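Protein sequence lines correspond, in order, to chains E and B. Under the numbering used here, residues 1 to 422 are what the first sequence spells out, in order. Under the numbering used here, residues 1 to 435 are what the second sequence spells out, in order.
Since the hints were made in silico from the structure, they are not lab data. Hints are supplied without guarantee of correctness; some may be wrong.
Covered, in the sense of this in silico footprint (three residues per stretch, anywhere, with C-beta under 8 Å from a C-beta of chain B), are these stretches of chain E [stated by the list, open to error]:
no.	stretch
1	30-38
2	73-83
3	270-284
4	310-317
A short list of chain B residues far from chain E (calculated; beta carbon distances all over 12 Å) [claimed, not checked]:
no.	residue
5	A12
6	R311
7	E332
Predicted model, so just to flag it, every value in this text is computed and none were measured. Just so you know, even glycine gets a beta-carbon here, dropped at the ideal spot from N, CA and C.
For reference, the chains in residue letters:
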Amino acid sequence: MFTESWQSVGPSLDECIKCNICTAYCPVAAVTDRFPGPKYAGPQAQRFRENGQPHAPDRSVDYCSGCRVCNEVCPTGVKIAELNARARAQMVAEQGIPLRNRLLGRNELLGKLGSLAPRLANLGLHNHVSRVMAEKVVGIAREAPLPRFSEEGTFGSWMKRTAGERLRSDRKVVYFHGCATMYYEPFVGKATVVVLEHLGYEVIVPPQNCCGLPLLSNGEFGAARRYHEGNLHKLVPYAQQGYEIVGSSTSCTLTLKEEAPELLDMFDEESEELKLAVWDVFEWLRERYRQGELPTDFKPLPMVLPYHPPCQYRAHRVGRPAAELLALIPGLDVRVSTARCCGIAGTYGYKREKYQIGMDVGAELFEFVREQGREVRMTACDSETCRWQLEHGTGLPSRHPIEVLAAAYGLYDLERREPRGV
Amino acid sequence: MREIPDLLVIGAGLSGLMAAYEAAEAGLRVKVIAKGLGSMHWSAGTVDVLGYAAGDKAVSMPLQELEGLQAVAPHHPYVVAGAEAVTEALSRFVALAKELGLPYEGAEEPGRNLWLPSPVGAARPVYLAPQGQRYGDLALAEPIVVVGFEGLRDFYPWVIAENLRKQGHRARGTVLPFALLSERRDANTVQLAQELDELKRVVTLARALKEVVEPGERVGLPALVGLDRHGRAMEVLQEELGTRVFEIPTLPPSVPGMRLYRALRSDLEGRGVEVEIGMEAVGYEAKEENGGFRRLLWVETATSARPLKHRARAFLLATGGLLGGGFDSNHEGRVWERVFDLPLAMPQNREDWFRPKFLDPAGHPVFQGGVSVDREFRPVSPEGKRLFANLWAAGNGLRDCDGIRERSREGIAIVTGIAAARSILVALRREKHVH
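One chain only, chain E, in its complex shape (with noise of 0.2 Å):
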């Protein structure tokens, strides 16, 4: 059960002005009637939700993404995202959770379960027999981008591997891969630790869990809380040690620092150790680039680079540091889109219900990709489930940051997705 504690988020509430600023940029809202706008299902709806309410008043709240560009352009600082995350719990805690949700919702096992005989679960998953099943079923929509797993051996087997050809030294940095790195795309944990040891680091990859985002998302307050325990558990002795933790996966690395904390309300000293001490990757290389510590020797990447700012960054408030620091490579001509989401929102646009909303709002991105001309050969976003709604949309490869800054550093062949051997 999730806690009945409104900490942080709650008091937020009171600061809706009722502008409908939100309403007026919400890109879900623009594009269907089931979700009739932030204001209404989140601040509005809220206050018949709040303790001694009978029930929540209505469900178009399960309409909201979760994109959260509610929350940035709201002028007075209402975290209406997370009022509807919460208030998605409250409906979960009422009236059950779907078999399909509870699927969405566990990665990790997933990935787990998937990864014993990848190429058997990558056959039984993508055919059209099976998506169509799955779709009627349990509701996962037959043509959304469910990605494959990784059938040359997960993220950790490969750290495994090549244990006695990794940098050892005494300036260390702990990695934080998350699900989709460690069983779908070993490839963007293996650019991301070139490019720290690139940089003089030896990379720590300790145990680590779901950050528990699907499940946060999906209302499983319950599971999301013992994921997050036991990242505290096996992630803050490192954090205690002074080391910092660096997250390929920008949704991680935001449940890491603050999701996880702010609607569970685990505002505990380890909580705050934790999040103190996690990164993006790319906030992290823009602060080694600002001390002057980033290495510069980049080869000329000459192409047109479309590049998607997840809503993730929105959410860490960050800005847009891997275009900052894609845009110190020569040739490469990065184009950063202003699209509001792609759409898939973790795993909103996976369900059947919202898999032609979440095509419509990414329609803006889909769209830029295509004014950016025909000599775009792929595009770039930091978040897994973004890039592949992004291939889905657009028909074009699509690659994590981290893998374009390795290439440009010689180190990552950017059309295999394989480091190269120095």
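Start from chain E and add chain B according to the hints.
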């Protein structure tokens, strides 16, 4: 190493953006940060310079009123800037707006206020109106038909018409089907304005309007006639109808205010100015300098974990007052400026915040207090001593103005934004940071 900006503007309302424009045009490297989107989204998109003075006296020639202002409110931002700077800043805005493709106009008689219908049909004194609102001028003789849409919240044509009639104007209200604007079940004015960015829809609307407009009438529509293609939509409507069409602002979100915001922001970004929203300034670092000044090194904004530092050579505080979010208050009666905790000329006793009557023509002290600045728009202590070597302030957070009651919000924003930017330019040139 990354080059730090010459100027960091805190606040993305009209004053902050005008200052950023002025500074960027002069060649400074400028960055704008703001907690959320500015109060332009709440405004009618007009430029109100001075509608009421000395309590509730209606002003017809705002610029002629400035001299009198000096006697009653010596710290009023217009007085600090000086009459010449006021006139010049407003002309500068007119030129810029034209360049942005959003022309603004005043009354036929230069210097006179227009009186335009408000969302409830009251008469609002406006100095410069966007072209789309210009023909709502209540000094014009043609009768008005106010056309609303069934089911559109926050726009009630009959209320507007009735209130206009009570003030002696010829006006009537009517409605058209919502489906003319959108297939949606429900939509707000911004979404509807985007629908009218499509030419086909404008033509359909024009046809429907023809059925309800009587010869000789001018047409008042809710302010949703296009967001990015507003000019074209208005032209098509006027051409098809052969009569004057004007917009009446709606409750927020206000499309005319958003048009101005979007045009200004995109112009700034085109000049290389970075505008970052979602950045709440929560602290700063300063060092002591010779002469007792403190020099700001950076301003900190809140992130998901540690504060983010924004370094710059000069800093402009343009976060507004109580409404804009620049000030906060508590139940003990304290009112403070949020970023630098600048001293406020403001009653620090809750009993003295308000006068007993809600609609007192003299207004309420808590809305009139604010940051004290010197002639260069640099914040000063109650004794008049400059507080930081490189901090300026502009906008409706300045003391001794009352933007809503005076109907001077945009005028103050434009005049002080430009004046502060000019002062910054002079100072940075003196320091030889900019050549």
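Hints, verified against the model:
no.	hint	verdict
1	30-38	holds (count 4)
2	73-83	holds (count 5)
3	270-284	holds (count 4)
4	310-317	holds (count 4)
5	A12	violated (10 Å)
6	R311	violated (9 Å)
7	E332	holds (17 Å)
In summary, the numbered hints that this structure violates are 5, 6.
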